[in-house]
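There are 2 protein chains.
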Amino acid sequence: MDKPVIRVGIIGAGFVGSALVQLLTDSSRHAALLDAATGSIELVGVAVRDGSKPRPGIPAGILTTDAEALSAREDLDVLVEVVGGIEPARAYIESALRNGVSVVTANKALMADSGTALAQLAHEHGADLFYEAAVGGGIPILRALRSSLAGERINRVMGIVNGTTNFILSKMTSEGSDYAVALAEAQALGYAESDPTADVEAYDAAAKVQILSSLAFGTELVGEEISREGITRVRSIDVEFARRAGYVIKLLGVAERVGESGISRRVHPAMVPVDHPLASVHGAMNAVFVEGARSGPLMWLGQGAGGEPTATAVLGDVLDAARNRVSGRHDVPFTVDDTLHSFPAGELSSVFYISIDVLDRPGVLAAVAGIFGSNGVSIQSMEQSGFGDEARLSFLTHLAKTSDVEATVGDLAQLESVDSIGACIRVIDGGGQ
Amino acid sequence: MDKPVIRVGIIGAGFVGSALVQLLTDSSRHAALLDAATGSIELVGVAVRDGSKPRPGIPAGILTTDAEALSAREDLDVLVEVVGGIEPARAYIESALRNGVSVVTANKALMADSGTALAQLAHEHGADLFYEAAVGGGIPILRALRSSLAGERINRVMGIVNGTTNFILSKMTSEGSDYAVALAEAQALGYAESDPTADVEAYDAAAKVQILSSLAFGTELVGEEISREGITRVRSIDVEFARRAGYVIKLLGVAERVGESGISRRVHPAMVPVDHPLASVHGAMNAVFVEGARSGPLMWLGQGAGGEPTATAVLGDVLDAARNRVSGRHDVPFTVDDTLHSFPAGELSSVFYISIDVLDRPGVLAAVAGIFGSNGVSIQSMEQSGFGDEARLSFLTHLAKTSDVEATVGDLAQLESVDSIGACIRVIDGGGQ
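Chains as they are written, first to last, in my numbering: chain A, 8 to 440; chain B, 8 to 440.
Rather than coming from a laboratory, the hints here were simulated on the basis of the structure. One or more hints might be untrue.
To be verified - Derived pair list, reagent style SDA-like, types lysine to any residue, alpha-carbon separation capped at 20 angstroms:
hint	chain 1	residue 1	chain 2	residue 2
1	B	K10	A	T342
2	B	K60	B	G314
3	B	K10	A	L347
4	B	K10	A	H348
5	B	K408	B	D426
Said to hold, decoys possible - Derived Cβ-Cβ restraints for the label pairs, each shown as a range:
hint	chain 1	residue 1	chain 2	residue 2	range
6	A	Y210	B	E232	53 to 59 angstroms
7	B	S59	A	S385	55 to 61 angstroms
8	B	L196	A	A98	46 to 52 angstroms
9	A	L196	B	G395	20 to 26 angstroms
10	A	A98	B	T342	35 to 41 angstroms
11	A	G266	B	S59	39 to 45 angstroms
12	B	G290	A	I69	32 to 38 angstroms
13	A	G230	B	E232	54 to 60 angstroms
14	B	G91	A	E75	29 to 35 angstroms
15	B	P11	A	H130	43 to 49 angstroms
16	A	Q391	B	L366	55 to 61 angstroms
17	B	R105	A	I69	43 to 49 angstroms
18	A	N106	B	G91	34 to 40 angstroms
Unchecked claim - Per the computed footprint, the stretches of chain A lying under chain B, defined by three or more beta-carbons under 8 angstroms from a beta-carbon of chain B, are:
hint	region
19	153-166
20	275-289
21	331-339
22	387-394
Here a beta-carbon is modelled for each residue, glycine too, at the ideal position from N, C-alpha and C.
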């Protein structure tokens, strides 16, 4: 039987790109790929920056250093972009889409910045734009949101979507390490970069939250800033407090409905109950927890990074795009819901954990408690531990508005007897299990 | 813009069927459904057994008691079968498929029995046959295997795919209950039927393992018997032993590659390390853990039963089938891999936990240990606890062949001083986290 031929070009041959070439050229998987793609896949070009580097496994005849020319080829069916960054990745993708060539990308930064416009461009030219690998590496969560849960009203998406920070927090939990020690270990093992800002300050997770939100709720992907707090202020003492109280601290990316048309999108450390499925996501693993109106709680777990897992997700997209080419259709992009508005982060209520180091003097506790009270934040429990002239006060609040808690922290910082204020960590409720 | 109309019929209006009708007729979700289906969905018939029962929420004009006639309607696009059982469900499905009508079913028993033939029939008539809800209720695991992981070589699928038994084992774990007490509680809460055989003897889980295996590996769905052991022999003492050793006992459905062309499919209680993602699947939740060659470990978790979660999965299938109708294509069924063979359960090796009650007499331990030795089963650790004239011996073996362990148990049962033999529980290794 004659199978149509799907011509694929790849821009980028780093960990993901070269793992993908291997997957596409593995002869033992040929029949399975042919089946899944409903056509035979021909790799026609791989664009790399440095043409002089040896590229074992990539047929020499298809190597090129001219990514621009590859992205402009009209005879492509699918262009894969795995270089990352905003430019020139965007130019490559636009060029392909304008030719009606479907695009598969792993580029979370670009999708968070310009996803809506690119999806629209794809739609106008009858092409697909898939980006499964942009969130959760090898975890097929975006396709699930797009397809399996298409008819479902989703109320909340919560994810551990950054492996670096989860590795660091897991180390702090399992070994009692300080943040700096755990970060250094992550760097030594290659889980964290020498400049870890994008991970530990949650820029990476924030981009992923924007992408998840667009598919779950129909929020636009236009590079909006969302509420973002990293893990640099989480201390081993906080991790220990959490443990005693039956929680683990995780960096959570959250997108959820608030009221009829509000969507809150944010990233922050949170205390997760130990029996919540997200609490058992260890090391560099990722997981996304979805609460649907009818489906109930659902969770996806897997490796959030790494060349091979990510390449597997990219391959799934390539096969989807190939099937669509063969049947002459393309997927409708996520629908933007214009009635939604961004719910202000300060207006959200939560239970908070706050820990403060104070000089151990008479009247300090009364002064601190007074500040909570005057800001309308009511205290659920307090724990005091002394060391030398200092005391550490750890508070759990009742449900309190984020802006009130922020005002409390601001006032506390003015108190002479307050030495330092640790992280304000939101406490998450159970997982519906 | 004119959207094509997708005509849907539903056979069965129990929990799942009526929840589906609600989802399809919810006017607030109309736009989302239209978008996802790329056509407008018209519910043209709902077949019920008892026409005299009031059916709130189902428009009277489309109610019928003639399921046969509904399944034979040539003007349908999609027939949904949610009555369960082998016959007459099979006849309804065959009738629809022969007309080229796509079928969505939640019928695990029928799919495990005749899935290959039905998928073939669908393919011949250019129709789709989807059955997402047959495994894991609302968890979209089958679509992930079919689509996201289509290009991946899967090595092992392990699942907690029966909510009833997981509820019982969770109770035994969290409260130290005996099996009988936990079962009675499950029955009182409606998690277990008055005759719990299908659940506790793992028939239900076995059917699901067959379906998972067909999608992961390409084994046939022809009603084959697979190795099956339920939870009726698990005692609270075993659960407690597991806890002390860092494990929890779960009923696992497993399908895995053994060697080049062997596939082992089985259901049995197993000790799962507490830090394995499957260990944190509590209560009536379900989860499926997949190990791919490149993707690494992946897990899906969610509600394995219940009208609304299951209806959500069915709806996802209906929307998929609708999209395919609109674009005039159908999905290729899973491919049967003829080179695979069923790996004999007895030949598999594992670490086993075995616990025996013996009369506390001199020489008993030597006799028992001798039987292990003569069957080639080597002991890793032993724990003895006495109570009155009896002693309980709990063994962990080294890696041992299942048939050797079975022979050991057979010989032990012959010993006069052996009072009773508990469950043989396999010990599972870590989750790659």
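Checklist entry - Do G266 of chain A and S59 of chain B keep their Cβ atoms within the hinted range of 39 to 45 angstroms? => result Holds, since G266 of chain A and S59 of chain B (Cβ atoms, about 43 angstroms apart) stay within the stated range.
Next on the checklist: Within 35 to 41 angstroms: is that where the Cβ-Cβ distance between A98 of chain A and T342 of chain B falls?
Outcome noted: 39 angstroms, holds
Checklist entry - Do at least three Cβ atoms from the region 275-289 of chain A come closer than 8 angstroms to Cβ atoms of chain B? => result holds (count 6)
Checklist entry - Do G230 of chain A and E232 of chain B keep their Cβ atoms within the hinted range of 54 to 60 angstroms? => result 57 angstroms, holds
Checklist entry - Between G91 of chain B and E75 of chain A, does the beta-carbon spacing fit 29 to 35 angstroms? => result The hinted range 29 to 35 angstroms is violated for G91 of chain B and E75 of chain A, with Cβ atoms some 57 angstroms apart.
Next on the checklist: Taking beta carbons only, do three or more residues of the region 387-394 of chain A come closer than 8 angstroms to chain B?
Outcome noted: The restraint on the region 387-394 of chain A is violated, since only 0 of its residues have a Cβ under 8 angstroms from chain B and three are required.
Checklist entry - Holds or violated: 32 to 38 angstroms for the Cβ distance of G290 of chain B and I69 of chain A? => result 52 angstroms Cβ-Cβ, so the 32 to 38 angstroms window is violated.
Next on the checklist: For a C-alpha distance cap of 20 angstroms, please report whether K408 of chain B and D426 of chain B respect it.
Outcome noted: 24 angstroms, violated
Checklist entry - So the hint says 34 to 40 angstroms: do the beta-carbon atoms of N106 of chain A and G91 of chain B match that? => result Check failed, 49 angstroms falls outside 34 to 40 angstroms.
Checklist entry - Is it true that the CA of K10 of chain B sits at most 20 angstroms from the CA of L347 of chain A? => result Not satisfied, since the Cα-Cα distance of roughly 25 angstroms exceeds 20 angstroms.
Next on the checklist: Can you confirm whether chain B covers the region 331-339 of chain A, using C-beta to C-beta distances below 8 angstroms and requiring at least three such residues?
Outcome noted: holds (count 4)
Checklist entry - the region 153-166 of chain A covered by chain B? Criterion: 3 or more residues, Cβ-Cβ distance below 8 angstroms. => result holds (count 7)
In summary, the structure is inconsistent with hints 3, 4, 5, 8, 9, 12, 14, 15, 18, 22 from the numbered list given earlier, while agreeing with the others.
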